[in-house]
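Visitor: Chain by chain, the residues run as shown.
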Amino acid sequence: MKKLLEISLGVVTSIGGFLEMGEMSTAAQAGAAFNVQLVWAVVLGTICVAFLVEMAGRFSAVSGHTIIDGIRDRFGIKVLAWPLVTTVLVSLLVLSAEIGGVSIALEFATGITYRWWAVPVAVASWLFLWRGTFGMLEKGVTSLGLITLCFVVAAFRLHPDWAQVAASAIPSKPHTQAATYWFMAASILGASLSPTLFLFYSSGAIEDRWDRSYIGANRAIAALGMTFGGVISAAVLVVAAQSMHAHGIESIEDFHQLPLLLIDTFGMWGFALFAASLAIASFGAAVEVALLQGYLFAQSFGWNWGQDCPPRANPGFSLAYTLALVIGAIPIAAGADPLKLTILSMALTAVNLPLMVVPFIVLMNDEHYMGEHRNGPVSNAAVLGITGLAFVLGVVTLPLQIIGGT
Amino acid sequence: MDLVHDVLDKQLVDRNGVRVGRADGLIAELREGQLPRLVAIETGTIVIARRFGSRTEGMVRALLVKAGLSHRTEPYRIAWTNVRKIGVDIQLDIGCDDTPVHDWQRWLQARVIDRLPGAR
Amino acid sequence: MPRSSGQRDGATSKRSERYAAVKTRAVAAALVVTMAMACTACSSSDEEQTHARIALSFARSASMWLDGWMNDGVPRAYVKRSLESTGEALGKRIDKLPGSISSSVSAPMKDIAHDLDTARHAVDAGDKARVGLVLSRLRKSTAALDAWKQTHRESGS
Chain A
86 MKKLLEISLG
96 VVTSIGGFLE
106 MGEMSTAAQA
116 GAAFNVQLVW
126 AVVLGTICVA
136 FLVEMAGRFS
146 AVSGHTIIDG
156 IRDRFGIKVL
166 AWPLVTTVLV
176 SLLVLSAEIG
186 GVSIALEFAT
196 GITYRWWAVP
206 VAVASWLFLW
216 RGTFGMLEKG
226 VTSLGLITLC
236 FVVAAFRLHP
246 DWAQVAASAI
256 PSKPHTQAAT
266 YWFMAASILG
276 ASLSPTLFLF
286 YSSGAIEDRW
296 DRSYIGANRA
306 IAALGMTFGG
316 VISAAVLVVA
326 AQSMHAHGIE
336 SIEDFHQLPL
346 LLIDTFGMWG
356 FALFAASLAI
366 ASFGAAVEVA
376 LLQGYLFAQS
386 FGWNWGQDCP
396 PRANPGFSLA
406 YTLALVIGAI
416 PIAAGADPLK
426 LTILSMALTA
436 VNLPLMVVPF
446 IVLMNDEHYM
456 GEHRNGPVSN
466 AAVLGITGLA
476 FVLGVVTLPL
486 QIIGGT
Chain B
250 MDLVHDVLDK
260 QLVDRNGVRV
270 GRADGLIAEL
280 REGQLPRLVA
290 IETGTIVIAR
300 RFGSRTEGMV
310 RALLVKAGLS
320 HRTEPYRIAW
330 TNVRKIGVDI
340 QLDIGCDDTP
350 VHDWQRWLQA
360 RVIDRLPGAR
Chain C
3 MPRSSGQRDG
13 ATSKRSERYA
23 AVKTRAVAAA
33 LVVTMAMACT
43 ACSSSDEEQT
53 HARIALSFAR
63 SASMWLDGWM
73 NDGVPRAYVK
83 RSLESTGEAL
93 GKRIDKLPGS
103 ISSSVSAPMK
113 DIAHDLDTAR
123 HAVDAGDKAR
133 VGLVLSRLRK
143 STAALDAWKQ
153 THRESGS
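Residue numbers (our numbering), protein chains in the order written: chain A, 86 to 491; chain B, 250 to 369; chain C, 3 to 159.
Rather than coming from a laboratory, the hints here were simulated on the basis of the structure.
By construction, the Cβ of each residue, glycine as well, lies at the ideal position given by its N, Cα and C atoms.
One thing to keep in mind: the hints can contain errors.
[As the list claims (entries may be wrong)] Keeping only pairs whose Cα atoms sit at most 25 Å apart, straight-line, the calculated DSS-like set for lysine-lysine is:
#1 K87(A) to K334(B)
#2 K98(C) to K151(C)
#3 K151(C) to K82(C)
#4 K334(B) to K259(B)
#5 K142(C) to K112(C)
#6 K142(C) to K425(A)
#7 K258(A) to K98(C)
#8 K142(C) to K98(C)
#9 K94(C) to K151(C)
#10 K82(C) to K142(C)
#11 K130(C) to K98(C)
#12 K425(A) to K98(C)
#13 K98(C) to K112(C)
#14 K87(A) to K224(A)
#15 K425(A) to K94(C)
[To be verified] So the derived label-pair ranges between C-beta atoms look like this:
#16 V447(A) to R155(C): 48 to 56 Å
#17 E323(B) to E452(A): 33 to 41 Å
#18 V361(B) to H244(A): 54 to 62 Å
#19 H332(A) to G302(B): 55 to 63 Å
#20 G336(B) to G420(A): 19 to 27 Å
#21 G473(A) to Q152(C): 38 to 46 Å
#22 K258(A) to A131(C): 25 to 33 Å
#23 A419(A) to S104(C): 57 to 65 Å
#24 I487(A) to Q152(C): 54 to 62 Å
[To be verified] Facing chain B, a subset of chain A residues (Cβ under 8 Å, in silico):
#25 H150
#26 F386
#27 W388
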């Protein structure tokens with residue numbers, strides 16, 4: 086019975102915590118530019134992240150290590166150093182993007198320009214981590230994140246051609262703007278497959294003291310949580326297709342255009358719903374990415390870490406997430422365009438993926454850590470295939486986008 | 250026991266389960282006609298730097314001296330006799346306060362963290 | 003005689019060195035391919051299509067904002083800020099237009115930029131009548147750009 090409750094809670098927090106600035110921006114832009122054609126990117130990203138999250142939980146429950154811990158343990162510091170450095174850097178960009186997400190939501194709510202909100206948002210995130218506990222984070226903010234289900238409601242109310250949506254779940258070639266199409270596919274994949282998610286999930290499993298008895302629950306949480314989360318992402322894309330593309334708005338260049346997604350369906354309430362969804366979703370993500378910086382350093386170097394302990398017990402860990410928030414606020418406060426920053430950080434995430442995923446897959450197949458719970462060929466193939474695709478798309482299209490000046 | 254596989258880079262915990270760094274390096278004694286004998290575990294920034302090569306070690310050493318942290322250019326050694334058990338991590342028979350490993354963290358604690366409200 | 007660790011580092015560093023070398027070569031190859039693609043993709047008609055598309059998206063977004071403000075109670079501050087931001091962006095784009103651009107594209111773009119500015123002041127003053135005029139002017143500009151797009155079907159670059 087207790088396990089059932091834990092599963093339900095895990096699924097709820099996975100759904101509520103799925104959408105954030107990255108998912109919203111990439112899905113919205115894709116829906117506006119290409120109608121529902123890029124649904125397949127959301128589907129592939131969701132399948133891959135479901136596998137990755139299930140693996141992360143299984144790895145921690147069986148081996149007693151977090152993923153970073155396991156990579157250092159198995160490969161040594163010299164191999165860990167590279168994914169560590171690149172993931173820290175890319176995550177800082179993602180953190181800026183999430184702070185940007187909350188900041189623009191607050192601009193919508195108050196009329197005060199987003200730049201002024203960067204520092205208050207970073208301070209609020211810091212206070213949340215400093216005073217809160219892991220439990221509060223998981224359950225509180227991500228449950229509020231269920232408000233993002235409004236996109237699913239909007240998608241149904243807009244009566245899209247569901248047959249066309251279903252058909253778009255299979256990858257297809259673009260009719261126009263090929264470079265942009267593949268770049269958006271890379272960004273969508275990067276948004277779904279952020280290492281934050283599975284690294285965070287494995288740290289959470291250790292902090293919640295999961296053991297082998299949690300393997301079944303973990304599988305249920307990963308499958309249900311990620312699938313429903315992916316449905317919300319797909320809903321954003323469908324809503325963008327119906328509200329924007331169908332009305333001849335084929336590009337979202339300015340973040341002020343984003344609330345139009347819900348204004349079209351719900352009028353003024355849509356505006357409020359959008360601002361609230363973006364604020365809650367991005368705040369949860371900002372706190373998580375800041376925490377991730379703490380985990381990255383503390384687990385790599387063997388410091389004490391943990392959200393449930395008071396800060397004085399984990400000084401290095403606390404310093405890491407504090408510095409991350411300070412640095413993360415800078416680009417937005419300095420006036421960087423939040424939309425462009427977000428799309429860039431998602432594409433870079435796609436490029437960075439293999440550095441973290443490949444060592445992780447090796448661990449998942451290592452008998453010493455996993456015993457009889459090693460990966461099967463399907464998990465390996467799915468994750469490596471989709472990650473490889475994201476990497477290739479990202480590496481090829483990102484320079485094109487930068488050269489093209491978009 | 251495979252030294253490299255089972256000891257190097259493992260998490261170290263003190264007698265109370267507090268994490269006190271990782272086994273960044275090992276000191277082994279070579280003996281004529283016998284297997285090497287593990288003498289001590291080394292931890293510290295300089296030990297990690299050494300793993301990347303002598304040039305990196307030199308750079309890190311210079312940086313530490315410049316930052317006024319020349320006491321950290323010597324690695325901290327934990328004698329093998331202090332190792333109680335090796336499993337998922339290496340359990341040591343010492344308290345974290347006995348090690349300088351957490352010196353900078355304690356400094357941070359005293360100077361910065363304890364001064365902020367809500368640290369406890 | 004004590005000796006410090008390094009055995010695994012020897013084997014692992016060889017493996018990771020090889021891995022790094024292969025990766026570097028792969029990334030370099032990808033970059034070369036990308037540069038080649040970029041050079042072939044830079045055609046001026048594609049640029050015109052992009053300008054037209056963005057101008058259209060701003061114009062139609064403006065219609066949605068203005069309709070929302072007039073009829074649905076969408077907050078004035080948000081609509082004002084949106085018109086200002088997109089107006090600025092469009093203005094910057096117009097400043098960077100090459101001389102070779104077709105006037106069927108640049109003229110409506112300038113009209114739209116002007117209308118976004120007018121609309122912002124109208125919203126600020128609460129002048130619904132003037133907003134109505136701007137809306138009909140925007141409709142004309144978008145129709146003109148649409149017509150141009152129809153005659154210049156986009157290439158599958």
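Visitor: With reference to the structure, classify each hint as holding or not holding.
Guide: The hints, checked one at a time:
Note on K87(A) and K334(B): the hinted pairing is violated, with a Cα-Cα distance of about 34 Å set against a maximum of 25 Å. The straight-line distance between the Cα atoms of K98(C) and K151(C) is roughly 21 Å, inside the 25 Å bound, and the hint therefore holds. Annotation: proposed proximity of K151(C) to K82(C) is violated, straight-line Cα distance about 29 Å (limit 25 Å). Using a Cα cut-off of 25 Å, the hinted pair K334(B) and K259(B) holds, with the two alpha carbons roughly 12 Å apart.
The straight-line distance between the Cα atoms of K142(C) and K112(C) is roughly 13 Å, inside the 25 Å bound, and the hint therefore holds. Taken as a hint, the K142(C) and K425(A) pair is broken in the structure, with Cα atoms around 30 Å apart against an allowance of 25 Å. For the suggested pair K258(A) and K98(C), the alpha carbons sit about 32 Å apart, so the restraint of at most 25 Å is broken. As the CA atoms of K142(C) and K98(C) are separated by approximately 24 Å, the hinted pair is consistent with the 25 Å bound.
With a CA separation close to 22 Å, the supplied pair K94(C) and K151(C) stays within the 25 Å bound. For the hint linking K82(C) to K142(C), the alpha-carbon distance of about 22 Å falls within 25 Å, and the restraint holds. At most 25 Å may separate the alpha-carbon atoms for a hinted pair to count; K130(C) and K98(C) exceed this at roughly 33 Å. Distance hint between K425(A) and K98(C) is fulfilled; the C-alpha atoms sit about 19 Å from each other, no more than 25 Å.
Distance hint between K98(C) and K112(C) is fulfilled; the C-alpha atoms sit about 12 Å from each other, no more than 25 Å. Pair hint K87(A) plus K224(A) holds up; C-alpha atoms about 16 Å apart against a cutoff of 25 Å. About 16 Å separates the Cα atoms of K425(A) and K94(C), which keeps this hinted pair within 25 Å; it holds. Evaluation of the 48 to 56 Å hint for V447(A) and R155(C) yields a pass: the beta carbon distance comes to about 49 Å.
For the hinted restraint 33 to 41 Å between E323(B) and E452(A), the CB-CB distance of approximately 39 Å keeps it satisfied. Between V361(B) and H244(A) the beta carbons are some 57 Å apart, a value that agrees with the proposed interval 54 to 62 Å. A hinted range of 55 to 63 Å holds for the C-beta pair H332(A) and G302(B), which are about 60 Å apart. About 52 Å separates the C-beta atoms of G336(B) and G420(A), a value inconsistent with the hinted range of 19 to 27 Å.
One distance hint, 38 to 46 Å for the beta-carbon pair G473(A) and Q152(C), holds here, with the actual separation near 40 Å. Separation of K258(A) from A131(C) is about 49 Å and departs from the stated range, judged on CB atoms against 25 to 33 Å. For A419(A) paired with S104(C), a C-beta distance near 37 Å fails the hint of 57 to 65 Å. The hinted window of 54 to 62 Å between I487(A) and Q152(C) is violated, with their beta carbons roughly 31 Å apart.
Given the 8 Å rule on beta carbons, the hint for H150(A) holds: about 7 Å separates it from the nearest Cβ of chain B. The restraint placing F386(A) at the interface with chain B holds, with a minimum CB-CB distance near 7 Å, inside the 8 Å limit. Nearest Cβ of chain B to the Cβ of W388(A): about 6 Å, under the 8 Å cut. The hint holds.
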